[in-house]
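Colleague: Each chain, written out:
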Amino acid sequence: MSQNDSESQLRENMMGALMQSAYQTDSQREQQSIERVLRRIECESVDAQDYGAQQLAQPADDLSLASPADPSIDRRPRRRNQWTSWALAASVLVAIGFAIQFLGESSNAMAAVERSLAAAKELVARHYCITVTTGNDSGDTRDVTSDLYVQGTDQFALRHPALIPNREIWLGSDGTDCWFLPSLGPIRVGDQTGLGRWLAKREQLSSPILHIETILTRLKRGYHLKQEPDATLTLDDGTTVNCQHVIGELKLKESTSAPGKIELWCNKQTGVAIRLDGIYSKPANAWARSKTTIVFVDSPELSDEWFTPAGHHRGFRRTLRFDSEE
Amino acid sequence: MEAGEIFEILMRENAAMLRAFLRSSIRDANTVDDLFQETMLVAWRRLDDFDHERPFGLWLRGIARNLVLAHYRQRASRETVLDQSAMDWLETRFAKIQKQPGDSFAEKLSALRDCVDLLPENYREPIRMRYQLDMSLSEIGQSLSLAMEALKKRLTRAKHKVADCLDQKLMAMENLL
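From first to last, the protein sequence lines stand for chains A and B.
So for the first sequence, my numbering puts the first residue at 2; every next one is plus one.
So for the second sequence, my numbering puts the first residue at 915; every next one is plus one.
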């Protein structure tokens, strides 16, 4: 075929394609194509959080139009892990700071915890690195790391990896409002309950607020506290810290989302919590959170806006309430 | 709003345009569907690479263009009609159409519909039957009492007349802007 013939054919093809669009005779097929893409994206998004790929029915390279993802397979619980993990991680520090004071049998252990609680209430900004480890029955594990900034008892900002690679989300509280800053799109604001409901509705899981309350309730009901030998921890910058070491064993052994064991290392001089490990009971099913580690990084100088959305994005972003229908 | 929702909005806004772009370069409807899906999935996976200063549709067409060329390279057919320059030609025209007024791709093609309206009746009728009423070639042939070859030639000439008319209108719009 000559160049002119090729161009002529291309021109003709293009006109036919444009006319189909102009008179919208392709709209049904277009809609079907869109739905297929959305299903694949949903599969891939869950797969990115999935720590048990064997549960997926759709092969990764299957572009067949005739084999959509099996709708009977419920992928929601695995996506739940991401939100649950950071929500719980964000709450553990605050929860422990609030609640352990009510419990315990060891006066030394209790004293250490109470000092740590008092330090946590100080209006000093602190930066922690949170690592949530998820594991399965086969011994495979996967870590998700996020950054937690706290100041006092009611201001926090959590940075967590987003579904899209190299993007992040933020959520936090300035002490008055809670907020959620996605990698794209409007900022969401409201109270803690609103945040929990909004996240739960979107992620189809129980509210992280309930998780915080669950942890607080569980802790109040009973952890046996035991003083361990002092330990020296080394921070990322090489600084060594002499720490008191306390282990809390959950008194109530029924099924719980709270950690069965909590280990606390706090600075002997200041009481500041340097490391917290929450160890979770091994679940019956595959892939569940097994451990949460919170490690003190530093006490940074933070901007006045750090605990608000404005501290973490540039340019204009719309702000919507959690309960907005938009 | 999550990234997935944003992407879905962008996908829906550009789906018609992308499908038209693919249909211009690929004859088989199933292959168009496959390449549409592949283009969108590549865009989703590489969303972080997207330059927000540029139109999303332009970026999608760039991805689609590479997939189309790869498709033809894999087939290694002697009848391959598309190469880099052909895709450049296509991109130039789609870029011009993308600049036309209108919220949807169909709205942006108002100039094309005007061109169809301007056709002589013996060309306009088979075009409308084929693309507006979605009739098959045999149904159109029966309706207009035309043999298949004659009908195909008439449709080919009609499309070229519309193409000439559209080129003029797009050029006129460019000069206005």
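The set of hints was computed from the structure by calculation and includes no laboratory data.
A portion of the hints provided could be inaccurate.
One side only, chain A facing chain B, incomplete, derived with CB under 7 Å [claimed, not checked]: (1) Leu11; (2) Met15; (3) Met16; (4) Met20; (5) Leu185; (6) His246.
What the simulated footprint calls covered on chain A by chain B, stretch by stretch (three residues with Cβ under 8 Å from a Cβ of chain B suffice, anywhere in the stretch; the number is not a length) [said to hold, decoys possible]: (7) 21 to 31; (8) 34 to 43.
A short list of chain B residues far from chain A (calculated; beta carbon distances all over 12 Å) [to be verified]: (9) Ala930; (10) Pro1034; (11) Ala1086.
Every residue gets a Cβ at the ideal spot worked out from N, C-alpha and C, and that includes glycine.
Colleague: Look at each hint and say if it fits the structure.
Modeller: Hints versus structure:
Evaluation of the leucine 11 of chain A hint against chain B yields a held restraint, the C-beta minimum of about 6 Å falling below 7 Å. The interface hint given for methionine 15 of chain A is met, as the beta carbon of that residue sits about 4 Å from the closest beta carbon of chain B, less than 7 Å. Taking 7 Å as the C-beta contact cut-off toward chain B, the hint placing methionine 16 of chain A at the interface holds, the least distance being around 4 Å. Interface restraint check: methionine 20 of chain A against chain B, minimum CB-CB distance 4 Å, threshold 7 Å, status holds.
Checking leucine 185 of chain A against chain B by beta carbon gives a least distance of about 5 Å; that is within 7 Å, so the hint holds. Given hint, histidine 246 of chain A at the interface with chain B, is violated; its Cβ is 41 Å from that chain's nearest Cβ, farther than 7 Å. With 10 residues bearing a CB less than 8 Å from a CB of chain B, the region 21 to 31 of chain A meets the requirement of three and the coverage assertion stands. Counting residues of the region 34 to 43 of chain A whose C-beta lies closer than 8 Å to any C-beta of chain B gives 8; at least three are required, and the coverage claim holds.
A Cβ of chain A approaches the Cβ of alanine 930 of chain B within 12 Å, the least distance being about 5 Å, so the stated non-interface status is violated. For proline 1034 of chain B, the shortest C-beta to C-beta distance to chain A comes to about 16 Å, beyond the 12 Å cut-off, and the non-interface label holds. Residue-level check passed: alanine 1086 of chain B sits 18 Å from the nearest beta carbon of chain A, beyond 12 Å.
Hints 6, 9 from the list above are not met by this structure, while the remaining hints are.
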